[in-house]
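Could you put together the complete structure from these sequences and hints?
Listed in order, the protein sequences are those of chains A and B. So in this note's numbering, spot 44 of the first sequence is number 44, and the numbers just go up one at a time. So in this note's numbering, spot 147 of the second sequence is number 147, and the numbers just go up one at a time.
Be aware that a few hints might be false.
Stated by the list, open to error - Think about it this way: if two alpha-carbon atoms lie no more than 35 angstroms apart in a straight line, the pair counts; the simulated DSBU-like pairs of lysine-lysine are:
1) B/Lys-92 / B/Lys-145
2) A/Lys-169 / B/Lys-66
3) A/Lys-208 / B/Lys-66
4) B/Lys-92 / A/Lys-96
5) B/Lys-83 / A/Lys-205
6) A/Lys-146 / B/Lys-66
7) B/Lys-114 / A/Lys-108
8) B/Lys-66 / B/Lys-95
9) A/Lys-208 / B/Lys-145
These are computed hints drawn from the structure, not numbers from a lab. None of the values given here were measured: they were computed from a predicted structure.
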Amino acid sequence: MNITRRRLLVLLPAAAIAWKHILAGTPEASPNYKLTEHWWGMLVDVTKCIGCGNCVRACQTENDVPDGYYRTWVERYHLEGWAFQNPKVDSPDGGKNGFPPGNQSGGKNFFVPKLCNHCVESPCTQVCPVGATFVTPDGVVLIDQKYCLGCRYCVQACPYGCRFIHPQKETAEKCTLCYHRITKGLTTACCESCPTGARQLADLKDPKDPIHEFLRTHSIQVLKPYMATNSKVFYNGLDGSVR
Amino acid sequence: MRLAAVFLVGTLLFLLARGFLVPRSFGQYGHYRGNAIAEIAARPVAFAGHQTCETCHSDVLELKQKGRHARVNCEACHGALAKHAEDPVSVKPAKLQAAVLCARCHEANIAKPKQFPQVVPAEHSGGAACDMCHQPHSPALDSGKRK
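Below, the structure written as structure tokens:
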């Protein structure tokens, strides 16, 4: 085909317009879901957690999390005497297979499930150099896998250690609060599989959500409040030793 | 004049390149690609959710509501079954092993909340399967196979 200069000048803008349309192809997932009507968070009731590891396994199944990496995990704390500054913490395989009974006796012992805190003032999104991680209008911190360079800034910035680099994809990964589920009206995989209701998804913009009553009537904490991240994972019955 | 032309051409080239390289949805909600939200939301689910299970298995729901496992969701024990919900005929859930499954929650552990029912399996049942005495969906004593 003979392309003259004139023809090329006509073709180039046409190609540009066509390419724009290809890039703009938005997959429509949940047509009835409105971003501005929700503000997601989670309630974790430490007094109910039995350390069964259901949440860790469910998360791995739901989100194809590779072995040895965790979007959520459970820690077991053991405190003895006055040692609350130095708790003994273990989390074998992220608590995925539960915790061995052990022969510990005495002291204070409890489980703490952890996940991304979906901070409003999230340090991880602030350090991303390419706009690959962001807080959505409905309050979930997500990662755009197509934009992430795998530079690891966010992994270092997260004060809660919630991010990792996927060993095959070489991009950052973390809990999405099961965004693909909550936008379809389902709860997260970890909440769905928690047998004791220790984890509960909360929509802070929904006036009917029981979270409001719970926040009013219980003594609620967040992890590392001194980091001023405005975390949206609320803990009930959290011990002062938990970091 | 020539410098101005070079500058103009450079600016046009930059704008053209930017038009090509920056997706249209970038900046729609903030400094990120707006389409990424819909792409993440489009992922298929693995856990169907208890509401889906209950549409067919209302008999189990009725049984469960009478007992202590009323608030335990189906997939907490049965695992992710969205595929079964989509195609109940050809995708059948695996049979569960009561001994492994019950112990996962009810095996005694000092870190578990004191009010949570816990047993040392060897002492409690002497190795007998839990579902001999307890019906898993409504686990009151003597609800199991041995009646």
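Hint check results:
Of the supplied pair hints, the one linking B/Lys-92 and B/Lys-145 holds, its CA atoms being roughly 23 angstroms apart against a limit of 35 angstroms. Proposed proximity of A/Lys-169 and B/Lys-66 is contradicted: the alpha carbons are some 47 angstroms apart, above 35 angstroms. At most 35 angstroms may separate the alpha-carbon atoms for a hinted pair to count; A/Lys-208 and B/Lys-66 meet this at roughly 26 angstroms. Taken as a hint, the B/Lys-92 and A/Lys-96 pair is honoured in the structure, with Cα atoms around 25 angstroms apart against an allowance of 35 angstroms.
With a C-alpha separation of about 32 angstroms, the suggested pair B/Lys-83 and A/Lys-205 falls inside the 35 angstroms cut-off, and the hint holds. Taking the CA atoms of A/Lys-146 and B/Lys-66, the gap is near 49 angstroms; set against the 35 angstroms cutoff, the hint is violated. Between B/Lys-114 and A/Lys-108 the CA atoms are separated by roughly 11 angstroms; this keeps the pair inside 35 angstroms, and the hint holds. For the hint linking B/Lys-66 to B/Lys-95, the alpha-carbon distance of about 23 angstroms falls within 35 angstroms, and the restraint holds.
Straight-line distance between C-alpha atoms of A/Lys-208 and B/Lys-145 comes to about 42 angstroms, which puts the hinted pair past the 35 angstroms bound.
Going through the hint list in order, the structure does not satisfy hints 2, 6 and 9.
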